[in-house]
Amino acid sequence: MQDAPLSQDKPILAIRDLHLEFHDHGRPEVVVEDLSFELRRAEILGIVGESGSGKSMTALAIAGLLNRHALDCSGTILFDGVDLLHCGRATLRRYQGDEISMIFQEPMTSLDPLQRIGMQVEEALRIHRAELSAAERRKMAIRAMAAAGLPDPEQVYGMYPHELSGGMRQRVMIAAATVLKPQILIADEPTTALDVTTQAQIIALLRTINAEDQTAIVFISHDLSLVRQLCHRVIVMRKGVAVESGASDEVFRNPRHPYTKALVDAIPKVVLER
Amino acid sequence: MRYVLKKTATMLATLLVVSLLLFVAFQLISGDPATRILGTGATPESLAVLRSELGLDRPLVTRYLSWLLSFAQGDPGVSYVYNQPVATLLATKIPVTLVLAALSFAFMCAMGIPTGIICAKYAGSPVDRIVMVANQVIMATPPFFSGILLSWVLGMGLHLFTPGGYVSYETSVPRFLGYLVVPCLAIALPRAAQLAKLLRGSILEEAGKNYVRTAYSRGNNTSGVLFGHVLKNAFLPALTFLGMSLGTMLAGSLVVERVFGIPGVSSILLASIGNRDYPVILAIVVLIAAVIVVVNLLVDILYKVLDPRIGEE
Ligand SMILES: Nc1ncnc2c1ncn2[C@@H]1O[C@H](COP(=O)(O)OP(=O)(O)O)[C@@H](O)[C@H]1O
Ligand SMILES: [Mg+2]
Chain F
1 MQDAPLSQDK PILAIRDLHL EFHDHGRPEV VVEDLSFELR RAEILGIVGE SGSGKSMTAL
61 AIAGLLNRHA LDCSGTILFD GVDLLHCGRA TLRRYQGDEI SMIFQEPMTS LDPLQRIGMQ
121 VEEALRIHRA ELSAAERRKM AIRAMAAAGL PDPEQVYGMY PHELSGGMRQ RVMIAAATVL
181 KPQILIADEP TTALDVTTQA QIIALLRTIN AEDQTAIVFI SHDLSLVRQL CHRVIVMRKG
241 VAVESGASDE VFRNPRHPYT KALVDAIPKV VLER
Chain V
275 MRYVLKKTAT MLATLLVVSL LLFVAFQLIS GDPATRILGT GATPESLAVL RSELGLDRPL
335 VTRYLSWLLS FAQGDPGVSY VYNQPVATLL ATKIPVTLVL AALSFAFMCA MGIPTGIICA
395 KYAGSPVDRI VMVANQVIMA TPPFFSGILL SWVLGMGLHL FTPGGYVSYE TSVPRFLGYL
455 VVPCLAIALP RAAQLAKLLR GSILEEAGKN YVRTAYSRGN NTSGVLFGHV LKNAFLPALT
515 FLGMSLGTML AGSLVVERVF GIPGVSSILL ASIGNRDYPV ILAIVVLIAA VIVVVNLLVD
575 ILYKVLDPRI GEE
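Each protein sequence line maps, in turn, to chains F and V.
Okay, so the first sequence: first residue is 1 according to this note's numbering, each after it adds one.
Okay, so the second sequence: first residue is 275 according to this note's numbering, each after it adds one.
Keep in mind that the hints were calculated from the coordinates and are not lab data.
Model, not experiment: these values are computed from the prediction.
Simulated coverage check for chain F against chain V, where a stretch passes if three residues somewhere in it have a Cβ under 8 angstroms from a Cβ of chain V:
(1) 97-107
(2) 121-132
Covered, in the sense of this in silico footprint (three residues per stretch, anywhere, with C-beta under 8 angstroms from a C-beta of chain F), are these stretches of chain V:
(3) 483-489
(4) 492-500
(5) 503-512
(6) 574-584
Across the chosen pairs, the derived CB separations fall in these ranges:
(7) F:R41 / V:Q410: 55 to 61 angstroms
(8) F:E29 / V:Y277: 46 to 52 angstroms
(9) V:F501 / F:Q155: 26 to 32 angstroms
By construction, the Cβ of each residue, glycine as well, lies at the ideal position given by its N, Cα and C atoms.
Let the hints inform the model, and build the full structure from the sequences given.
Now the structure itself:
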């Protein structure tokens, strides 16, 4: 656990009454219901809940990646004075990859198989910092790759995704997502597909990014022990509804909602007492 | 580089096997060319003389090897019927057919690729639906039929084109190419429709993949995602189709040459089949096989260039 950032820090992201509903299979299906929370500067916020509870949909909503045609969306996601849920796509694109980045659960398939790693890490630079020269871009990309713990970044720069392991690919994703030092990094189950050792390394990396660059992280997981190790605050979601939230130490030591209690009871004791 | 060498070796081996099989097959079905040339009334002595002149008294393998040697040097033998070297007979005809096929191929790409991209980008829109229905019809229309239709509409109706007004490339290259436009359209249309459909489907399939979501998360707009990522990936399945298309284009050329009165390989091939003039048939078929095999080699190399995952041991 780390010290929580000063609570008087004003929120950089405010989500009010977020409501997401599919209407593509005839009968409507509510996946997120009246969800409200705030993300403060430089904090790590966990979202936990069993699979299907709407965590990924919430994450995609913040990252501006929802398919708005298939969904009814209401509420607001306020960032930098703009409602990300209802603003135009062009406005959204200004923030994507620059101020708000996202990494995903599937490192094996989230990179373009035909494009060199370096090009993919640099992509946000090409889009948001068109004035940079190729050499400057390369320098920044390699710096981000080194910071993401990729050994020999100069060499990895010229490689293709299939030449890297899942853990390495997730590091590439992280390098690409943080190359512009965004204010918010959304990590949707970033370690679920990885083995335990790699998992721990990625968690440590996220902690470093948060501490060094003051990047606020929304960390989504169904693994409570990971959330407890990493997050300052936590939101517990169930069937699209936030059933409990608070400082993560507090929530895990003293769960109030029966669903949270059940989740906490399911964590092996060894992990809890660590 | 090693990959290219390996593929080239495979290609040469394929060509050898194909030519051997064709050579043997033609020998077996050809009956006795000497009798055909001299007629059934010829004496056994004169037949024997001609056979040894044609080299037909030597063993099959020897004949194949000597044929192969001279073929490789540009001399595929002498026609039984015209009493002329096959090379002379084909010299002015092969370029016409090759240009017709190559131009049709270019037309196919020029029509099929943009149509596929546009339909994928606006999938489900009225434009997409109309084009896809039209596609279905065009796909089912064979080149000889669309050829007749096109020359009727463009020729008789709009006077943009003179059916039967072929101009040799020796007379005027622009007018030669100008005459080929309509025949090429006829050959290219059905394949272009297929290509558009294939590419559209392949783009839409790629669009659902995870790397596309990643590309959007970095601030790309739809064009950025399409041209920066999706298109290259979606093009891979289309590449095999492109390679196979050239064979189809050659076959289509043979038919369409008849419809439009173009003096390519078609007329002499059909005449030679009628006359059982096997040296000519063999030369044409082996050449077509060679073109197809070389195109396949190019496709393999292109795959390797586009897809880093290929050819790694
Ligand atoms: N295209 C869709 N149509 C209808 N329901 C969907 C669609 N995609 C996802 N869902 C539903 O949304 C709910 C929330 O999914 P998700 O946010 O991925 O959950 P989590 O990430 O917490 O596991 C799930 O119950 C899922 O069935
Ligand atoms: Mg999920």
